[in-house]
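Line by line, the protein sequences give chains A and B. Per numbering that gives the first Met the number 0, the very first residue in the first sequence carries number 0; after that it's consecutive. Per numbering that gives the first Met the number 0, the very first residue in the second sequence carries number 0; after that it's consecutive.
Keep in mind the hints are simulated off the structure, nothing from the lab. Please read all numbers here as calculations on a predicted model, not as lab measurements. Any given hint could turn out to be false.
Pairs of lysine-lysine, DSSO-like flavour, derived with a Cα cap of 27 Å [said to hold, decoys possible]:
| # | chain 1 | residue 1 | chain 2 | residue 2 |
| --- | --- | --- | --- | --- |
| 1 | B | Lys9 | A | Lys407 |
| 2 | B | Lys308 | B | Lys372 |
| 3 | A | Lys288 | A | Lys226 |
| 4 | B | Lys407 | A | Lys9 |
| 5 | B | Lys266 | B | Lys308 |
Protein chains: 2
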Amino acid sequence: MNLVRVNMTKGTIVTELVPEKYKLLGNRGLVAHIAYDEIMPTCNPIGPRNKLIVASSPMEGLGVSCAGRISVGGKSPLTGGIKEANSGGVAGARLASHGIRAIIVEGRPEDRHLHILHINKNGMELIDAEDLRGKGTYETTHTLLERYGKYAAVISIGQAGEQLLCASGVFINDMEGDSGRTAARGGVGAIMGAKGLKAIVVENDGQFKRQVKDEAALQEARMALHKAILANPGSQFYTKLGTMGFMMPVHALGAMPAKGFTDGNYKNVELVNGDVLLANIAERGGEGKPTHACMPGCVVRCSNIYPDKQGKKIVSPLEYESGNLLGPNLCIDDLDSIARMTYQCNNYGLDSIEVGAALGVAAHAGILPWGDKERAAELIDEIAQGTHLGKIIGSGAAFVGKIFGIDKVPVVKGQAMAAYDPRGVKSMAVTYAMTPMGADHTAAVTFRSPIDHFHWEGAIDTSRTLQVSVAFYDTYFCSFIARGIGTDIHLMVNLFNSVFGTDFKDNAFMSDIGKEVIKHERMFNIAAGVTEEWVPEWMRHEPLMPHGRVSDIPESEYARYWDIDFWGEFPSVPARL
Amino acid sequence: MNLVRVNMTKGTIVTELVPEKYKLLGNRGLVAHIAYDEIMPTCNPIGPRNKLIVASSPMEGLGVSCAGRISVGGKSPLTGGIKEANSGGVAGARLASHGIRAIIVEGRPEDRHLHILHINKNGMELIDAEDLRGKGTYETTHTLLERYGKYAAVISIGQAGEQLLCASGVFINDMEGDSGRTAARGGVGAIMGAKGLKAIVVENDGQFKRQVKDEAALQEARMALHKAILANPGSQFYTKLGTMGFMMPVHALGAMPAKGFTDGNYKNVELVNGDVLLANIAERGGEGKPTHACMPGCVVRCSNIYPDKQGKKIVSPLEYESGNLLGPNLCIDDLDSIARMTYQCNNYGLDSIEVGAALGVAAHAGILPWGDKERAAELIDEIAQGTHLGKIIGSGAAFVGKIFGIDKVPVVKGQAMAAYDPRGVKSMAVTYAMTPMGADHTAAVTFRSPIDHFHWEGAIDTSRTLQVSVAFYDTYFCSFIARGIGTDIHLMVNLFNSVFGTDFKDNAFMSDIGKEVIKHERMFNIAAGVTEEWVPEWMRHEPLMPHGRVSDIPESEYARYWDIDFWGEFPSVPARL
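Build the full structure now, drawing on both the sequences and the hints.
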């Protein structure tokens, strides 16, 4: 397979074979290694020396469930460290069908025009896209699918990415052509915008055939894997409720953010949870779907299509994170409004987590009345319009807090926490603090881990082990595959050996790969001058009511996180200037 | 002498003797040690666990020139690391006359009211100051001097500090009651604002008598010192031209920022330099003064009073940094406008360096036409008014750059560079990068050092040695004393031995103290997670025209900055949570 190197300064596109050292790597792992190897860690994230990396999985194109994910990354405009955000949709499949493991976008066009990178079986080209400036992702995607065929993949940014806002993401279409799949966090949309890239279009005419080591063994491994996923109650939970099913259990732990992360209880949680989602979909019918696959061949099908009262789709999917941060976090208890705000975020190319958290801080600043869903929606519109207030909110929660002088700001490394208050689930503080990604739940959501979430003991080990596991899965699959796999060591061993001809005997290789990924991410951050940061002072010292817990993991626990006994040696990392 | 500990949560004021370990420390050095010993490095700078430290000199009250300086510091809202900003004015003298070495302000009032800390010979009290909310520093100072006597010291914040803006500073009155003396950088005004402290008033009725070891020896040392200062051409330069005299020599080096740090040449520099300042003062007469002492007993007298065409004072002083950043940096060539903008900044309690740099970035963003002095002045007004755009600009250059997606932003650690482009004077990159203070010129202005400023060789050693020297002087004096002292080792040795009864034989103690100060500052930053940061990518890689130089100090040079051979051991620093 190939790496495609696009230089926006020169307008050149060069194809290279995937180097041997990256052979087994895709997605997050490939982003980590390429970023570490190639990006100047001290560069300006929106300058010409940052790179936008779009990576697919080496497991894609083989009919394996959950392997269609793509990762988008580079140096984060939001955190100043490495960033990888990943998403479902059809892009992974389309890239793999053209034999593309990753696209590396470098430089910056002199004229600052927007462009499309267009890929089909005849080749690749950059096309001026000033006609799409100011368009939302849905319209952009629709226009490009009209132009290039409805089964093409479109990876696009909205008005937020064009404005280089730190809360901007990258959006990918699903099988229905809906650009609601989001690689949203850390301002990756601004990296793409700074490259002058409005969209990457990959037509559905790829003819690349993957070679695997042992086709028969792969078929067997794949069947076993799919069977395990389908049989697993964890996967079934996703299929049934999607992530919106998290609302009640996280609330029960006192970890569901409410009122801008200042309340551990939300009185109207009964109005905005997964059951309400399912009931509304069932009752309203029409375009609604309680379960839905975002990627070709996914057997988990955690997605949904949420309709309005007339049965017309509002947004797909409606997920727990947006559901919480645009909902209870703002004291908004109306699922339809939350769905519409999620649509707005997707359309404008915004990270709905960051925007929800930023609106919560804005509410603390008195700009948004708690529970005012109309005003919240207007403020999201202002981001797309580029008003000064819109730009502040579109830069994320940390900026809103600094600019309005608010001290209760739920961020780590400048990035908003997702919908898990680390005072409710103590080990989430470890995830937020120690992952090189900022306060990013996708590094390890620990609330289902079988430990006492109300005390700090075990928090470090629980989050650390899960972070390594997730880093492995993120390198090949949607991490939701993990629940389906459970602890069956054969599933991954057989799959990998059949595809790559490796000779793994047990699943130790999984944590070896996961550790290497995180180590490369951390080394990038060290060279960039980004260190660990703990959850904010107020969460460590002011009890969250009604349960009265704080985030109280001792320094001595954090201090052992990077123990050499666990990770092995870290090479010394020079700053690169 | 005493430390005064004010707890704004409880409303208590407690006096403690200066501990033995701080006996020789004042100003910046005392801020460094107290911050390291007492402030939780991971606290929120505007939260209740940060502390505002106001420190005077142990040399004050003895008739020694340049010892009236005060330092204001804590954890910086702008950089996230330690911050000390210092200023002249009468506060040092008044504090010393009450036997106060430092005031440490802790906590935060529950009702978030503004207060005055009032000090006179009868004691100390906190007084509600909601009547002063929204007032500028000049009016605040005027009101308080009316109330407490015209020779009182007033240390105040303006509208910027009240809004907790990151570009807010702390302002001190001079002997004429003008609050134009500024401890401005790093958002120290926001620390004071977050404490609910509008002003500290110290009446001129102090009765504390300093005890020194040897009064006769002190008298002799003091006379020798003053004689040396007065005889030195470097001091005489300050007396004659003040810092505005830097404009032409820095421009000649191609280091005077123009057009938002994108031009190494300013065609109208002849209209805005020190000679123009002197000519205008001479021609206009009235309240203007070409030279002026900001502190009682200062023999350097680098300050000035700049009048308008009618001879009425516009601002005092007009200095090079504001002169450049609000002038050529914005392509503004009218000294009267620059003086008026400086007055605005002082009045609103703003760091004129940070605001000037922020306006330069705003100009890159198209918000401010280059050279538009009316619009620039309006934008400064907007900061005080608290408009959204005003709050963005009042948060400093880094915020403006992030929010408007500008990649040419002259900041290090989030703080704007002062008026020395590190491509013109290469060693300034070392000062900006390596001082724990962010891009703060006061750590070491190197353009007069006798090295080749156009090449990087020697840059590390020059800046490092000067940083240590300045850290020593900043702990006792206005650093402008240094030029007058030159290399005469007896001047400081005799002074210190006569005051403290120390037994220093040579001036090695000066660098020992300077190094300890910087080490404590750095250790605070390490515990806070703030690492070194280099000058921005574009300055390292894009030549500044017309001379075509970049900031090209190699990594290997930076890597030896903290050599143990130079600094001695650094203790390991735990994060404190």
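To see whether the hints hold, each was checked on the structure:
no.: 1; hint: Lys9/B - Lys407/A; result: holds, 21 Å
no.: 2; hint: Lys308/B - Lys372/B; result: holds, 18 Å
no.: 3; hint: Lys288/A - Lys226/A; result: holds, 23 Å
no.: 4; hint: Lys407/B - Lys9/A; result: holds, 21 Å
no.: 5; hint: Lys266/B - Lys308/B; result: holds, 24 Å
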